[in-house]
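2 protein chains.
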Amino acid sequence: MDKAMLTDLYELTMMAAYVDGRKDDTATFELSIRTLPEGWGYYIANGIEDAIDYLTGIRFDRRDIAFLKKKGLFKQSFLDFLERFRFAGEVHAVREGTPIFPNEPILRVTAKLTQAQLVESALLNMINFQTMIASKASRVVNAAARGNAVVAEFGLRRAHEEDAGLKGARAAYIAGAVGTSNVKAGMEYGIPLAGTMAHSFIMSFSTELEAFRAYARTFPDRSTLLIDTYDTLQGAEHAAIVGRELAAAGKQLGGVRLDSGNLGALAKKVRTLLDDHGLAKVRIVASSDLNEYKIEALVKADAPIDIYGVGTDLIAAKPVAAIPGIYKLVADNGGARMKLSPEKRSAPGKKQVFRCVGADGKYAQDIVALHDEQIAGVPLMTLAVKNGRRVRPKPALERIRDYALGEVAKLPNKFKGIDVPSSYPVETAPALKALIATLMKRSGY
Amino acid sequence: MDKAMLTDLYELTMMAAYVDGRKDDTATFELSIRTLPEGWGYYIANGIEDAIDYLTGIRFDRRDIAFLKKKGLFKQSFLDFLERFRFAGEVHAVREGTPIFPNEPILRVTAKLTQAQLVESALLNMINFQTMIASKASRVVNAAARGNAVVAEFGLRRAHEEDAGLKGARAAYIAGAVGTSNVKAGMEYGIPLAGTMAHSFIMSFSTELEAFRAYARTFPDRSTLLIDTYDTLQGAEHAAIVGRELAAAGKQLGGVRLDSGNLGALAKKVRTLLDDHGLAKVRIVASSDLNEYKIEALVKADAPIDIYGVGTDLIAAKPVAAIPGIYKLVADNGGARMKLSPEKRSAPGKKQVFRCVGADGKYAQDIVALHDEQIAGVPLMTLAVKNGRRVRPKPALERIRDYALGEVAKLPNKFKGIDVPSSYPVETAPALKALIATLMKRSGY
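Just so you know, the sequences run in chain order R and L.
FYI, the numbering for the first sequence is 1 to 445, going by this note's numbering.
FYI, the numbering for the second sequence is 1 to 445, going by this note's numbering.
Keep in mind that the hints were calculated from the coordinates and are not lab data.
Where hints are given, some of them may not hold.
Pairs count within a copy or across copies, as identical chains cannot be separated in the list.
List time: in silico SDA-like cross-link candidates among lysine to any residue, alpha-carbon distance up to 20 Å [as the list claims (entries may be wrong)]:
#1 Lys281 <-> Val19
#2 Lys269 <-> Thr207
#3 Lys70 <-> Arg222
#4 Lys294 <-> Glu398
#5 Lys339 <-> Tyr230
#6 Lys268 <-> Lys416
#7 Lys318 <-> Asp289
#8 Lys112 <-> Phe85
#9 Lys251 <-> Thr26
#10 Lys441 <-> Leu370
#11 Lys414 <-> Val299
#12 Lys350 <-> Lys394
#13 Lys23 <-> Ala214
#14 Lys410 <-> Arg442
#15 Lys350 <-> Thr26
#16 Lys23 <-> Thr207
#17 Lys269 <-> Val357
#18 Lys23 <-> Lys75
#19 Lys394 <-> Gly190
#20 Lys433 <-> Arg222
Taking the hints into account, I'd like the entire structure generated from these sequences.
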């Protein structure tokens with residue numbers, strides 16, 4: 001992962017000024033997310049494993065150095081510094097797939113100031129996006145689950161370029177999607193692949209029935225036929241004919257797909273029609289600009305939909321589009337540091353998040369504390385990188401997914417709706433409170 | 001560019017069914033965008049050059065084939081087909097940076113059905129995103145220009161992963177941004193780099209003044225000092241001290257940056273303060289979750305801001321997040337094809353867009369016509385790929401940018417506001433109208 005140059009110019013200029021001034025304190029930065037989008041109950045931390053891979057692999061190669069030299073901004077001594085640059089610090093982080101809340105530190109970097117500063121832009125780039133998509137997907141999956149349905153991720157064509165398609169498919173799978181249409185994501189991550197057919201396929205045959213038969217010949221055991229190209233109910237009749245032909249040959253039609261119209265009403269009619277043809281096992285897939293709100297409405301209307309194919313709104317987290325992850329200096333050789341401007345205040349000191357279980361076995365509250373405070377609860381961040389090397393093994397994707405789904409199951413249901421009115425309680429521990437008060441007082445706030 | 005596997009599973013299954021049925025018509029697909037986001041006046045077509053590179057370079061390598069084989073979905077004959085696969089078709093496309101409007105074809109692929117089908121997902125992935133960002137950036141640039149200010153792209157940390165950061169910086173530059181903070185984008189595309197400093201830099205020194213001096217020592221001729229860490233006006237005083245020290249040494253402070261508070265009011269006070277210190281050349285940079293709406297308000301309030309640093313809302317095109325680009329079959333061996341369902345109707349036949357200039361020298365209207373209709377106006381799509389090879393040379397980035405800015409200049413101003421009430425006129429030519437009527441009638445609509 002060659003992301004050394006994936007940084008904002010100011011990270012390099014600040015580093016150059018530090019190197020010039022021979023100022024290389026050990027500093028601690030923490031990454032957290034300021035707020036939740038309206039109606040969201042939680043985030044699922046994601047991108048953590050990519051962050052660890054990135055941190056432990058940063059190298060500036062010859063081309064990088066040559067480019068920076070040509071820019072004429074930097075002294076040779078700084079270019080030499082970059083050529084030798086390694087991240088040699090320590091990283092604590094929550095596990096990939098952990099539910100998290102605003103203003104909780106989820107990744108903490110302690111390293112020489114130059115090292116801790118350089119990595120800000122790339123860390124935020126990967127963790128902001130992957131966390132946003134996992135969290136959005138979790139909302140969609142929860143809505144579908146309330147109707148005993150599942151979600152497949154179909155967003156590649158509306159993803160923000162290739163990486164977003166790949167990492168987005170992975171994030172959605174971790175959050176509970178059952179598969180993706182993205183073939184490359186299937187190859188890179190081992191995510192199950194899902195897919196149906198396009199209207200163009202139907203249109204390139206003389207009749208819909210001919211198109212269905214051609215497709216079923218090639219995929220007799222896993223066809224999902226798209227039935228809305230001309231008339232959905234007629235399409236369902238055609239699909240039923242093919243379904244019975246397949247059954248007669250000992251095969252099984254997989255499903256039919258609705259992609260337009262009143263999905264709830266059509267699903268009911270199509271379900272009845274299929275059942276009347278003895279095709280009760282044929283599943284109904286629905287797509288068409290879906291999101292958690294539309295799925296919730298379909299579930300409430302008892303639409304007999306088995307699989308929701310969700311594209312645009314999931315992969316671009318529409319309309320949220322971006323979440324406010326930040327990476328802030330919290331300590332250096334001068335002790336705990338705190339950004340004081342009222343709009344953008346940050347909590348000082350090396351911190352930890354402790355999660356507490358209630359009498360019902362569900363998560364009841366979190367406590368943000370100084371890292372060495374004694375708090376009853378499970379600490380969420382553990383040591384992931386020491387001396388620049390990974391010390392926490394990288395889990396397999398299926399294990400991350402199982403963990404994430406298990407953790408979401410432990411959240412009270414009231415935080416899993418599509419329009420969550422209240423915030424999960426996150427308290428500040430006594431010693432952290434005292435530190436904040438001291439620093440505010442010292443600076444006259 | 002290894003994007004052969006960056007496709008939706010259904011493209012491959014449809015291809016397999018075509019290969020199985022020995023159905024390999026020559027087909028034509030067109031890419032267009034259904035609608036404009038509310039208040040937007042135009043799109044700037046972007047991602048076209050990437051699309052051409054992609055189309056002319058598709059190869060399935062051994063790893064790809066081995067993965068597909070392992071999935072157990074496909075016959076060996078289809079895997080052999082993929083191993084030999086090349087795109088050998090013809091592509092017409094608008095020039096990168098061309099203003100375009102809803103339902104205008106902007107890229108047309110004519111090729112064997114299997115070839116034209118495979119490429120749908122990747123084409124949409126790149127053109128949707130890059131067009132969205134160029135268009136959003138153009139709105140932001142236009143708003144700033146009304147206040148004689150310029151825009152720098154600062155969005156890396158909120159971009160949807162690395163590719164979005166890189167391609168987004170490029171799209172913003174084409175649309176008129178003057179630079180990017182993204183160092184890798186600077187290296188890959190030659191975009192000018194811009195940057196200031198972070199609050200953490202200020203906080204890691206004992207005093208703000210000490211931090212400013214340290215930075216100015218390293219960058220005596222191009223420092224932009226961030227002045228809002230503690231108190232913005234006090235920060236401006238400190239910056240003025242450093243500005244005068246630099247001036248005394250024959251150097252020049254570049255600028256100061258505001259990142260919080262009432263930007264308009266603060267900019268006025270800071271401008272006066274700097275001018276009073278004889279620092280009229282020091283520019284004021286503003287950032288803080290900016291977008292075209294906030295910039296418009298600042299311009300209307302006569303805020304003396306020279307450079308707007310725009311991040312999140314630009315790079316994620318917030319709140320739009322995704323645009324509805326589609327890729328539809330318009331013709332095959334059976335003649336012109338048309339999707340008839342009322343919600344998602346597409347115009348049939350191989351088409352062209354003609355652009356007409358009005359008496360004032362500005363663009364007056366576009367006419368969508370059959371490709372061989374004789375229409376007065378400039379045809380926007382030209383032949384870019386023939387027999388699978390690029391025949392239209394790839395322009396340099398600066399040329400694309402000059403072209404895009406020149407074309408936007410020719411649009412009437414009423415389409416360049418932040419809240420455009422009317423649509424640019426796009427007419428349908430007579431022969432195309434007649435074809436639509438014939439096909440609708442034939443199918444009973």
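These are the hints, each one checked on the structure:
In this homomeric assembly, Lys281 and Val19 never come within 20 Å of each other (Cα to Cα): the closest approach is 67 Å inside a single copy and 29 Å across copies. Taking the shortest Cα distances, Lys269 and Thr207 never come within 20 Å of each other, neither inside one copy (22 Å) nor across copies (72 Å). For a Cα distance limit of 20 Å, the shortest separation of Lys70 from Arg222 across copies, 16 Å, qualifies, whereas the shortest one inside one copy, 56 Å, does not. Proximity of Lys294 and Glu398 under a CA criterion of 20 Å is satisfied in neither setting, with 28 Å inside one chain copy and 44 Å between copies.
Within a single copy, Lys339 and Tyr230 get their C-alpha atoms only as close as 60 Å, which misses the 20 Å cut-off; across copies the closest is 8 Å, which meets it. When the C-alpha separation of Lys268 and Lys416 is checked against a cutoff of 20 Å, the pair qualifies neither within a copy, at 27 Å, nor between copies, at 46 Å. Within a single copy, Lys318 and Asp289 get their C-alpha atoms as close as 11 Å, and across copies as close as 18 Å, so both meet the 20 Å cut-off. In this assembly of identical chains, the alpha carbons of Lys112 and Phe85 lie at most 20 Å apart only when taken from the same copy (11 Å versus 51 Å across copies).
In this homomeric assembly, Lys251 and Thr26 never come within 20 Å of each other (Cα to Cα): the closest approach is 66 Å inside a single copy and 32 Å across copies. Within a single copy, Lys441 and Leu370 get their C-alpha atoms as close as 19 Å, which meets the 20 Å cut-off; across copies the closest is 74 Å, which misses it. In this assembly of identical chains, Lys414 and Val299 lie within 20 Å of each other by CA distance solely inside one copy; the values are 18 Å within and 44 Å between copies. With identical chains, the CA atoms of Lys350 and Lys394 are never at most 20 Å apart, being 24 Å at best within one copy and 51 Å at best between copies.
In this homomeric assembly, Lys23 and Ala214 come within 20 Å of each other (Cα to Cα) only across copies, at 10 Å, whereas the closest approach inside a single copy is 70 Å. Taking identical chains as interchangeable, the C-alpha atoms of Lys410 and Arg442 are never at most 20 Å apart, the minima being 41 Å within one chain and 58 Å between chains. Taking the closest pair of Cα atoms, Lys350 and Thr26 come within 20 Å of each other only inside a single copy of the chain (12 Å); across copies the shortest separation is 64 Å, beyond that limit. Within a single copy, Lys23 and Thr207 get their C-alpha atoms only as close as 74 Å, which misses the 20 Å cut-off; across copies the closest is 14 Å, which meets it.
Taking identical chains as interchangeable, the C-alpha atoms of Lys269 and Val357 are never at most 20 Å apart, the minima being 45 Å within one chain and 52 Å between chains. For the homomeric pair Lys23 and Lys75, the shortest alpha-carbon distance inside one copy (16 Å) is at most 20 Å, but the shortest distance between copies (63 Å) is not. For the homomeric pair Lys394 and Gly190, the shortest alpha-carbon distance inside one copy (15 Å) is at most 20 Å, but the shortest distance between copies (36 Å) is not. Taking CA atoms no more than 20 Å apart as the test, Lys433 paired with Arg222 passes in neither setting, with 59 Å inside one copy and 40 Å between copies.
The structure fails to meet hints 1, 2, 4, 6, 9, 12, 14, 17, 20 from the earlier list, while all remaining hints are met.
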